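Model the full structure from these sequences, guided by the hints.
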Amino acid sequence: MSKDMSYQGLMARKNEIMKRAVGIDYAVFESGSIAFDYERMMRETGYTLEEMQKIQSSTGVGNTPLLELRNLTALARKIAPKGKGARIFIKDEACNPSGSFKARRAANAVYHAKKLGYKGVIAATSGNYGAAVASQAAMQGLKCIIVQECYDSRGIGQPEIIEKARKCEAYGAEVVQLTVGPELFYTFLMLLEETGYFNASLYTPFGIAGVETLGYELSMQFRERVGRDPDVVVCTNAGGGNLTGTARGLIKAGAESVKIIGASVNLQGLHMASDEQFNKKSFTTGHTGFGIPFATWPDRSDVPRSAARPLRYMDRYVTVAQGEVFYMTEALAQLEGLERGPAGNTSLAAAFSIAQEMDEDQIIVVQETEYTGAGKHIQAQLSFARDNGIEIKFGNPEEEVPGKNIILPAHPNLIQARDLDLEKIKKSYIKNCIEITKTDNVSEADLAFLAQDTKSSQGFVKEVLESIKVEGK
Amino acid sequence: MGMKVSKGEWVLIHNIVLKPEERAPQVPEDTKKVPLESWVKGFLQQDAQIGEEVEVKTITGRMVKGRLVEVHPAYTHHFGKFVPELLQIGIQLKEMLAGGEVHE
Numbered sequence: 001m002s003k004d005m006s007y008q009g010l011m012a013r014k015n016e017i018m019k020r021a022v023g024i025d026y027a028v029f030e031s032g033s034i035a036f037d038y039e040r041m042m043r044e045t046g047y048t049l050e051e052m053q054k055i056q057s058s059t060g061v062g063n064t065p066l067l068e069l070r071n072l073t074a075l076a077r078k079i080a081p082k083g084k085g086a087r088i089f090i091k092d093e094a095c096n097p098s099g100s101f102k103a104r105r106a107a108n109a110v111y112h113a114k115k116l117g118y119k120g121v122i123a124a125t126s127g128n129y130g131a132a133v134a135s136q137a138a139m140q141g142l143k144c145i146i147v148q149e150c151y152d153s154r155g156i157g158q159p160e161i162i163e164k165a166r167k168c169e170a171y172g173a174e175v176v177q178l179t180v181g182p183e184l185f186y187t188f189l190m191l192l193e194e195t196g197y198f199n200a201s202l203y204t205p206f207g208i209a210g211v212e213t214l215g216y217e218l219s220m221q222f223r224e225r226v227g228r229d230p231d232v233v234v235c236t237n238a239g240g241g242n243l244t245g246t247a248r249g250l251i252k253a254g255a256e257s258v259k260i261i262g263a264s265v266n267l268q269g270l271h272m273a274s275d276e277q278f279n280k281k282s283f284t285t286g287h288t289g290f291g292i293p294f295a296t297w298p299d300r301s302d303v304p305r306s307a308a309r310p311l312r313y314m315d316r317y318v319t320v321a322q323g324e325v326f327y328m329t330e331a332l333a334q335l336e337g338l339e340r341g342p343a344g345n346t347s348l349a350a351a352f353s354i355a356q357e358m359d360e361d362q363i364i365v366v367q368e369t370e371y372t373g374a375g376k377h378i379q380a381q382l383s384f385a386r387d388n389g390i391e392i393k394f395g396n397p398e399e400e401v402p403g404k405n406i407i408l409p410a411h412p413n414l415i416q417a418r419d420l421d422l423e424k425i426k427k428s429y430i431k432n433c434i435e436i437t438k439t440d441n442v443s444e445a446d447l448a449f450l451a452q453d454t455k456s457s458q459g460f461v462k463e464v465l466e467s468i469k470v471e472g473k
Numbered sequence: 474m475g476m477k478v479s480k481g482e483w484v485l486i487h488n489i490v491l492k493p494e495e496r497a498p499q500v501p502e503d504t505k506k507v508p509l510e511s512w513v514k515g516f517l518q519q520d521a522q523i524g525e526e527v528e529v530k531t532i533t534g535r536m537v538k539g540r541l542v543e544v545h546p547a548y549t550h551h552f553g554k555f556v557p558e559l560l561q562i563g564i565q566l567k568e569m570l571a572g573g574e575v576h577e
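Protein sequence lines correspond, in order, to chains W and L.
Using the working numbering, you'd call the opening residue of the first sequence number 1 and step up by one each time.
Using the working numbering, you'd call the opening residue of the second sequence number 474 and step up by one each time.
These aren't lab readings, by the way, just hints derived from the structure by calculation.
Note that the structure is a prediction, hence the values are computed from the model and not measured.
Virtual Cβ for every residue (Gly too), placed ideally from N, Cα, C.
Mixed in with the good hints, there may be bad ones.
[Claimed, not checked] Beta-carbon label-pair distances, calculated as ranges:
#	chain 1	residue 1	chain 2	residue 2	range
1	L	K480	W	K438	53 to 59 Å
2	L	M536	W	S31	40 to 46 Å
3	L	Q561	W	R223	38 to 44 Å
4	L	W483	W	G227	54 to 60 Å
Pasting the structure below:
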């Protein structure tokens, strides 16, 4: 009767536990090879846009203000070539009940858990999503447990994560705090098995579909205000759900010509599961340590098939330096009177640079902000970095080395969105699909799926397959 | 001897979830040297002293055992020490907007 609670023993029960905790039989959408029916999964397990709007508005989520950043636009025009400098707008998602766009994801997930009769919800997250799930659980009367990776082996915690724990507890959630390591998933499974609660994963169809309302609202707000859709939407990218949901919402609004740009903080060189490096980073989300692995293999999360598939929708992927994001966070407060959390401003730093490539009559939108406060604040995060031996100085952010220094731009004209090679990322995704599924013969359905899942063509997929000597029909 | 804590108090307990030798194979070397630890808060189920093995009832009603480390655990995170560099950003940008520089 007593269950094997060892790491291996529990992991062996993973599929069984997950199926019970998510309430989705993913096998229904599988083809038996690489391809799976993504749209059918989103249709049959998600909600319609109208249903989501209703669920969200009943808990005060969504319909956040769209603000024009006139002073930052003027600043960009000062340093851009003549005639350049698009109008910069921001969607003030910090106005959601839990202080970030994650409320949209959580509203749906918690609603769904309640509908299915679960008594509580569990989420594994150190970020804004925990607060969002906790807030929604409070509103909808469910119990809530949040599992966080929080401390290094010295017991020193990232101030941003500790603040998130406080916020979750403020909403009545239980917070389980852990030291660094991917075995967080082990604790997470153990809790799901023990409680029988719903897995409010970030990557279920309900969660991702919840962000569609954001993309849809953006289009509607722009049409009402300036009579047309924006030209570019910049999304801070980590696990890919923000970008995926926003892009799908824009498509549902018929705004298909809008360019979608992903932006991540560059944390190259830092290992995300390293105990020693855990407190050397000054961003706990929105960084390349999530962005790249989740783009090149989205199905690495806590559900078998992730509904977040950023390569399907991304037109361009850029990085910015930590120092640039901190600088822009301060600029947003000083020039626009908006004090918002740093991580959400990743896409703002990128947009400030990209706006300077665009014409003055064009429009670029930063599609989220997040709350700020003790711990989760540039001053808290910068002084924490300084205490952990990171050098902070003014200079050229191009020379920033994650884990060694944070370089605040000496002049705003040094802020530069740096392009990642999106084609290379698409290639690694395709290679991962082959290696992980151990496929040696790619079917026609697989080809079509891979082309869609990488927003490319079957020709491109075939080329990649040839380069790794795999046959494609 | 540790401090005496009464039954019913809100406390923090600590656990070793996995010993170094039990850690997952994919964990980097430095992380493999240390255990996976966890902390949860709950209502203490019996009179005890700091450092003793106890049982708590968490806010969701779970019963969890662990080592008693703190009574009335408080949040001590803050806005950090003063970072003088931040002050310069607003000054510089407001000057630029007021007219100073032009297209380069």
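Cross-check of the supplied hints:
1. L/K480 to W/K438: 53 to 59 Å: Hint holds: Cβ distance 56 Å, inside 53 to 59 Å.
2. L/M536 to W/S31: 40 to 46 Å: Taking Cβ atoms as reference, L/M536 and W/S31 lie about 44 Å apart, which means the hint holds.
3. L/Q561 to W/R223: 38 to 44 Å: Check passed, 40 Å falls within 38 to 44 Å.
4. L/W483 to W/G227: 54 to 60 Å: Since the Cβ atoms of L/W483 and W/G227 sit about 56 Å apart, the hinted range of 54 to 60 Å holds.
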